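Enquirer: Residues per chain are reported as follows:
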Amino acid sequence: DTAVSQTPKYLVTQMGNDKSIKCEQNLGHDTMYWYKQDSKKFLKIMFSYNNKELIINETVPNRFSPKSPDKAHLNLHINSLELGDSAVYFCASSQAADTQYFGPGTRLTVL
Amino acid sequence: GQNIDQPTEMTATEGAIVQINCTYQTSGFNGLFWYQQHAGEAPTFLSYNVLDGLEEKGRFSSFLSRSKGYSYLLLKELQMKDSASYLCAVRVGGDYKLSFGAGTTVTVRA
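For the record, the sequence lines run as chains A and B. Each residue of the first sequence is one higher than the one before, counting from 1 in the numbering used here. Each residue of the second sequence is one higher than the one before, counting from 1 in the numbering used here.
The set of hints was computed from the structure by calculation and includes no laboratory data. On a predicted model such as this, the values are computed, not experimentally measured, just so you know. Using N, Cα and C, we set each Cβ at its ideal position, and we do this for glycine too. Errors might be hidden in some of the hints.
What the hints assert, rightly or not - Sample of chain A residues with no beta-carbon within 12 Å of chain B, all distances over it, derived:
1. K19
2. S20
3. E24
4. N26
5. D70
6. G84
Stated by the list, open to error - Pairs of lysine-lysine, DSS-like flavour, derived with a Cα cap of 30 Å:
7. B:K68 / A:K40
8. A:K36 / A:K19
9. A:K41 / B:K76
Full structure from sequences and hints, please.
Expert: Shown next, in the form of structure tokens:
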């Protein structure tokens, strides 16, 4: 009965590869988010979708492309991975602008 | 953007009380959240303040003063499991976006 789930939990890949991270929520929320947490533990918003519509698009390289096939899913595709992309990526969901609930995170390591 | 400051680290003894301060500078303030994050895990929601005053939830309380741009999270009767990072986050206007502070790592010692 996991509320917000992400796959994979760990992702190790070579520079230049393309990879995707998937997120699903079963809370019935209408809004989903992607955050990046770097090695200094600073949590920074990347994207947000409300009812499948992009509402937040921070200053993120266009190698990162989110996709929301429906309200319960938000995926993140990353092209041409770079060393600096190594971080933990958290998905979150909320009902409108209410409290956000986070998934377990995906630890991405780019070699 | 929002300027959110919190201490980097705090250490306290089991059974004691610790107060984690958070100051912010923003226009259009519309709520402050506290999250707890254990190492290697997801942030979990602790409390929310949008009006001035104290919100109490068991051993944890959170206080807000909007005029001073200041909040604190109070942890009472500290337990070893309270060792974690505590994140302060601010919401502005009707934004869905939360701006997070860098987090305060609390270490509880026996």
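Enquirer: Taking the earlier hints as the rules, which of them does this structure contradict?
Expert: As far as the earlier hints go, not one is violated by this structure.
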